[in-house]
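Visitor: Given the coordinates of chain U, assemble chain F onto it according to the supplied hints.
Chains U and F, in that order, give the protein sequences. All residue numbers for the first sequence refer to our numbering, where the first residue is 2 and numbers rise by one. All residue numbers for the second sequence refer to our numbering, where the first residue is 2 and numbers rise by one.
Because the hints were derived from the structure by calculation, they are not lab data. Honestly, I wouldn't trust all of these hints.
Where chains are identical, the list cannot tell them apart; a pair therefore holds if satisfied intra-copy or between any two copies.
[As the list claims (entries may be wrong)] Taking lysine to aspartate or glutamate pairs in the EDC-like style, the calculated list, with each CA pair at most 20 Å apart, reads:
hint : residue 1 : residue 2
1    : Lys164    : Glu141
2    : Lys25     : Glu177
3    : Lys207    : Glu229
4    : Lys194    : Glu229
5    : Lys201    : Glu229
6    : Lys194    : Glu230
There are 2 protein chains.
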Amino acid sequence: MSKLVIVGTIAFDAIETPFGKTDKILGGAATFIGLAASHFKINAAAVSVVGGDFPQEYLNLLKDRNIDIEGVDIVKEGKTFFWSGKYHNDMNTRDTLITELNTLADFKPVVPENYRDAEVVMLGNLHPIIQSSVLDQMKEKPKLVVLDTMNFWMDSALNDLHKVIERIDVITINDEEARQLTGEYSLVVAARKIHSMGPKYVVIKKGEHGALLFHNSHMFYAPALPLEEVFDPTGAGDTFAGGFAGYLAKTEDYSFENMKNAVIYGSTLASFCVEKFGTERMLNLKDDEVLKRMQEFKQLTQFNIELL
Amino acid sequence: MSKLVIVGTIAFDAIETPFGKTDKILGGAATFIGLAASHFKINAAAVSVVGGDFPQEYLNLLKDRNIDIEGVDIVKEGKTFFWSGKYHNDMNTRDTLITELNTLADFKPVVPENYRDAEVVMLGNLHPIIQSSVLDQMKEKPKLVVLDTMNFWMDSALNDLHKVIERIDVITINDEEARQLTGEYSLVVAARKIHSMGPKYVVIKKGEHGALLFHNSHMFYAPALPLEEVFDPTGAGDTFAGGFAGYLAKTEDYSFENMKNAVIYGSTLASFCVEKFGTERMLNLKDDEVLKRMQEFKQLTQFNIELL
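Excised from the complex, chain U in its bound form:
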């Protein structure tokens, strides 16, 4: 199996949804990506930064799941990145209430020596210059670089974003962001434009409507599992990305056909993430629950038609 480098925030989140609210709880892109990827029992390393206020027990949650945390810089005199948000009733839109960058403001990621030859790199949502600096540290071009980003960087650092997008293999982006990045409403046309920016594979996340995978003229559409209740969407996108990258690192098969499976694994893991606040559900997720839900996913999507 391949080694996986995970770059992203490790954070405190405070979340309010129609179902309730939390105090500061464990969050951050690298956290969700790591927890999802750890399901595959691969060798993975998190590259991130936290402050002196960050509990060792939270870091141990990653370490216990075989995520190397040598690359997590602990800035003793600093504070951990903090995000607070409130979801609207439809759970698809949210307001950011507080963003305190804290130690993230000066984050200079350092990939541990032992992971500079990793085959797979998952760049969680961060400033594109930080994402690029991780790729600069790799000894050779990784077999697969997956990048997540958001509209904030399109507004504030578009040139830098284009520079890192040129260097990656897969971009994961939501539908509105794909439209913003390309100026195209049709996701088919938007994906084609993004291909021309560099990535050979484009994953467009549509939340409760599932995810699309594009590779030239090939398309794959994985629906999201319809749920009785979405309790807290925080981290669902990162969990999807972690499942996607983790599965590919595990199987070492970076073909379009196998990426379909990676999308299904990502969607499956994300369907658990939203069932509880923050990381709670992912921290208590058992292998047999994942297997059972994968089978539900098959039931949900597979058909055996006789063409008339």
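Guide: Quick look at chain F alone, frame taken from chain U:
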């Protein structure tokens, strides 16, 4: 194969989209349902009403496709139902500009004698009392009754709507309407509530996001084929319903497993409908084009995962 009764409007539509606008063209639920169902070369009859202004050549378009039009009442002194609408740039929302009920205001559907023993009845969107009156005319309970409806009847005739919903097997409804009918945001919970109103099968149409089929605890999710361009969404829902009901009438297998295939056929036919204004694409649709797109649908959705 089974006989299919199709009840719904036959109309003039005038449509404006970001791509252009039409004069009065052929439209109406029964028209789109009939054109879609005719793909399966079954025995079908349209039950509808038009005015003396309706061109015989339009009726012949149905007749030529083996749709019996004995049940289409031609009110010589009346005018045909006319609808005009304008789509917004996102193609998901539209404004109704004109609704002239004309002969539809006094429509009393009469099912041709030869079709009163039909196994499958497709009730297109109409006043629920009119939909009920069709069921009253059937000699025995049909094997399958499919009903389409819309929010308008929830606002204006909810009791009558509940009475007809009690009598049917499958309801097709869009996501917003499912939420309005049940007061539930989660489509899983909404479908369960609709089950308790009568229908054993619930199809929730989500436009560009596909369609969900529910049957007790079973779910199936057919995505919509991602398109470069949606030219005109008019009739897509009816085309879906016509493909769904037509396929089931053809195969005479009303099981959940076979309804999955019916959903896929419906989605495939609807993906053509939106490519041109009104019925234009459906009138020129060849069998081999449908087969090819069915195969694209398989590519789009099918995966072969090894569960880890």
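Visitor: Which earlier hints can't be squared with this structure?
Guide: Hint 2 contradicted; others consistent.
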